[in-house]
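J.: Those protein sequence lines, which keep their order, are chains X and E. Just so you know, we're using the UniProt record's numbering here: the first sequence kicks off at 1 and counts up by one. Just so you know, we're using the UniProt record's numbering here: the second sequence kicks off at 1 and counts up by one.
There's no promise every hint is true.
Unchecked claim - Across the chosen pairs, the derived CB separations fall in these ranges:
hint : chain 1 : residue 1 : chain 2 : residue 2 : range
1    : X       : Ile288    : E       : Gly176    : 15 to 23 Å
2    : E       : Phe45     : X       : Arg115    : 31 to 39 Å
3    : E       : Gly218    : X       : Gln198    : 31 to 39 Å
4    : E       : Arg55     : X       : Ala31     : 48 to 56 Å
To be clear, the hints were calculated from the coordinates, so they are not data collected in a lab. Remember, predicted model here, so these are calculated numbers, not experimental data. Don't be surprised by glycine CBs; every beta carbon is placed ideally from N, CA and C.
Each chain, letter by letter, is given below.
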Amino acid sequence: MTATTTAPITATPVRTGDKPNARLRAWATRAPLLPALIFMIAATQLPFVATLVISFFDWNSLYPDARGFAGFANYGEVLTDPDLRRSVWTTILLTVAVVLASLVLGLVLALLLDRRFRGRGIVRTLLIAPFLVVPVAAALLWKHVLYNPEYGLFNGLLHYVGGPQPDWISKTPLLAVEASLVWQWTPFMMLILLAGLQSRDHQQIEAARVDGASDWQIFRHLTLPHLRRYLELGALLGSIYIVQNFDAVFTITSGGLGTANLPYTVYQTFYQAHENGLASAAGVLVVIGSIIIATFALRVVSSLFREEVGRS
Amino acid sequence: MNAVRRNGLGLLAWFAGVVFFLPIAWMALTSFHSESDAATNPPSFTAALTLDGYREFFGVDGGASPWPALINSTVASLASTLLVLLLALPAAYALSIRPVRKWTDVLFFFLSTKMLPVVAGLLPIYLFAKNTGLLDNIWLLVLLYTSMNLPIAVWMMQSFLAEVPVAVIEAAQLDGARLPTVLARVVAPIAAPGIAATALICFIFSWNELLFARVLTGVVAETAPVFLTGFITSQGLFLAKVCAASLVISLPVLAAGFAAQDKLVQGLSLGAVK
């Protein structure tokens, strides 16, 4: 972010009521921003307020006459209904497992790709590819082409070594969903961490090497501290996207076998069960979870942002 | 010794690359097999190649044609990308070249909307669409995709426009150019690569989107990912067709993504990594 030319501007104080000219100029400066700002507020904040309101009503769209104020009853039900509670737990489990696994794998791959070797560009392209498959297509690929117990690639390969041929999806449903997501998200983590590795101070590393530091010492005391922010950024952005995952859960298991996460449950609760109030309450809970993650994410992004501004 | 280790690590990287790419390569191979060759155990690596899977997918031999869905996806993605650029360019200009007060606060507001999960507003949007007859209408998706991508676009473009020299803009203004002229004639040409990267990412996100499309479209406005969900329960009878469909529908994203690998990271990390 080289937003350096734009360091906080001190001109045009807003409260200049007695100077219409200055006020006009202040509005002229802001005007280009307004269409985007108004559009964003209308398209994201209004529906959320509506969701919030609906979450306090007992409202099944099949029985529109029985609609009534329910207070926090929907929230109570989301948190006590075993199925819904399980989906909260599934969401946490899915997000944490996928983010951690793809982050660790992404780090290893980024370290491998940071070195010079023959065909590095090709390997990088091969590694990015999983991230560029349309999510539904990727989920279909795993469901039918890889996991299928009879003609899937996994059991096909196991056949050659004489291993067991399990039905992956019914045996380890959540792990099956997680593996496909790790495959898709590892490249994303790798790309962010690779950018981090390449922004290291190479003079400092050379100096350490001259002083006799081993590769491990350099990694432990120079690379890892430098990468911390990038690791945090990857973890937080990954969490934000994976908490919301719908495509993989919907496609691979259709939310069955204990893999329904909150987004899938919200979808099912209003789209199939027509429980509008309940779905909204679950939706609001997803938002609260996201806000908790987002608070940290914003802090990380803004500190990276400040570092960049400060650097130049 | 050092050389051995270096080669070993290079080999390891190659191995990882091949392992990650294997599912895609296998999908591509399967898409060129006949259905009976595709569904064998153990898998066949040497079966005859055929275009039957693709013929099936495009509905040449009867069956549902994917063309309406592909066209819908193209329209929705292109139209919303255009709308995003029209809204984001002036906003990014206001935030980078002639910053408004508290510009970081405004930037962070945009960013924070990206962290609002889709399910947070899905139900009211669905009810709204149902009551106004906008259900199964591609233009509603265009508006929603615009709101989905606008924050990222503002963020990315803000950082690209900040690189446009202010002196050039001031010179144009002295010549009496108004904002739209300045944007179109001065800012856009200089920031063109950044704007192109932003457009690419918005296109990819819109093309990939499933949840909105699944809930809000049906027969007429069905998009490519929704078309793909038709294969969820296929019991192996159409493996080659599933692979052909997945590949064809992923092709625009694969092409766009390979073309802009670096910009992709920057966009996805909301401009924080450069």
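J.: So, for every hint listed, does it hold in this structure?
T.: How the hints compare with the structure:
no.	hint	in the structure
1	X:Ile288 / E:Gly176: 15 to 23 Å	52 Å, violated
2	E:Phe45 / X:Arg115: 31 to 39 Å	32 Å, holds
3	E:Gly218 / X:Gln198: 31 to 39 Å	47 Å, violated
4	E:Arg55 / X:Ala31: 48 to 56 Å	54 Å, holds
Violated hints for the displayed structure, listed by number in ascending order: 1, 3.
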